[in-house]
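Participant: Chains as they are written, first to last, in the working numbering: chain C, 1 to 199; chain U, 1 to 199.
For lysine-lysine, the following DSBU-like pairs were computed, each having C-alpha atoms within a straight-line distance of at most 35 Å: (1) Lys157/C / Lys157/U; (2) Lys104/C / Lys114/U; (3) Lys95/U / Lys114/U.
No wet-lab data here; the hints were simulated from the structure. Just so it is clear, the structure is predicted and the values come from calculations on it, not from any experiment.
The chain contents come next:
There are 2 protein chains.
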Amino acid sequence: MNTKPVYLVDDDAAVRDSLALLLLSHGYTVRAFESGEAFLAALPPDCEGVAVLDVRMPGLSGLDVFDRLRQDDSELIVLFLSGHGDIPMAVQAVKQGAFDFLEKPCSEQALLEKIDDALEVVVGRHTSRGSLTEAGKRLATLSPREREVMDRVLGGKLNKQIADELNIAIRTVEVHRANVFAKMGVRSALDLAQLLAGR
Amino acid sequence: MNTKPVYLVDDDAAVRDSLALLLLSHGYTVRAFESGEAFLAALPPDCEGVAVLDVRMPGLSGLDVFDRLRQDDSELIVLFLSGHGDIPMAVQAVKQGAFDFLEKPCSEQALLEKIDDALEVVVGRHTSRGSLTEAGKRLATLSPREREVMDRVLGGKLNKQIADELNIAIRTVEVHRANVFAKMGVRSALDLAQLLAGR
DNA sequence: TAATGCATTGTGGACAACCACAGGGAGGCT
DNA sequence: AGCCTCCCTGTGGTTGTCCACAATGCATTA
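Based on the sequences and whatever the hints tell you, model everything.
Facilitator: Take a look at the structure:
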């Protein structure tokens with residue numbers, strides 16, 4: 001079940017090690033980093049999981065790391081851990097989408113609970129997205145050209161207009177269009193729009 | 001501009017009066033209450049505005065009041081003001097949708113800014129909803145028959161199929177369809193679907 | 001009663017979409 | 001070289017959509 005990793009980012013080796021040990025001993029997959037830079041550099045682009053970020057670190061702070069993740073539209077759930085946090089900081093982090101903001105020191109119990117909650121969100125997001133990721137997968141099977149055509153179809157453009165824009169024959173547009181519909185499992189542009197609208 | 005009221009809820013008359021004075025002197029519409037109960041009782045059902053809630057009060061706490069408001073799907077923006085708040089409390093409040101969580105004492109400057117931000121959200125929500133209610137209004141101008149046809153058009157049905165279902169001529173369907181598009185201000189079924197999808 | 005709005009239907013033509021069949025060129029993989 | 005995928009193009013015919021012009025029956029309202 002808990003295949004999703006927990007990313008631990010803290011400059012203090014003692015904290016890192018003890019948390020890693022705690023989490024490993026409870027069956028979590030853990031990856032630890034000693035700086036925000038190292039974490040961001042090592043991060044696969046579309047990974048999912050929970051990031052536990054220390055706020056105060058040399059170089060990038062936990063909040064900075066969070067900003068980067070948000071800029072990249074990361075799917076990670078972010079949980080802050082701070083020894084020097086204050087209410088405005090916590091409020092801002094949560095308003096920007098952080099999952100929680102814990103104070104150090106915190107009980108192992110509390111931390112594990114929060115991480116469990118966070119992981120549930122990750123998997124929950126997945127299951128509830130079943131049909132959506134399905135659409136996403138199908139989107140991925142489209143060739144570049146098909147994507148270009150589909151975008152314009154969704155824009156309400158006529159085949160003729162698309163043909164002009166892309167400098168290809170109308171017939172070719174028709175073919176791409178038909179391929180898109182077939183791959184996406186829809187019958188019309190209308191269906192396609194509604195499929196992608198519930199995104 | 002600032003037609004939306006600010007609801008002030010604090011058991012401490014001194015705090016209430018000074019905040020009310022501050023806000024009134026800056027042109028806000030203010031209504032003050034000495035308890036959560038009084039506030040909830042006096043509240044019109046679908047009112048909009050900003051509620052500034054003290055957390056620690058006899059009877060219902062600010063958090064309790066917030067819960068009630070959420071249960072009633074209130075449109076109010078809630079801003080907490082607390083002298084004894086801690087991070088977990090603030091985090092929870094924000095995660096549940098509170099607009100902000102300020103510590104007492106706080107500078108007049110800071111409070112005014114937050115209230116301004118909150119009021120902007122209120123009006124912003126309104127304006128951004130303009131086009132939506134706009135679509136709603138237009139929907140209301142459709143004749144019953146036009147509605148029936150539109151529903152089927154959105155279902156991806158062909159005019160011929162719609163004609164069969166409704167036992168009318170294709171031509172009639174075409175007319176209704178054209179009327180729907182004209183009234184809704186769209187050019188195609190695709191536009192219509194996207195207009196209603198953002199509902 | 002006259003006016004208005006709604007639903008209905010028809011003709012005919014221009015334009016667009018859909019489909020089956022058919023084929024060529026470029027680039028990658030085995 | 002053989003195979004595959006992607007991209008490109010064409011013919012011809014059916015079906016669907018859009019539009020202008022034209023008209024009738026019915027119900028509500030002024």
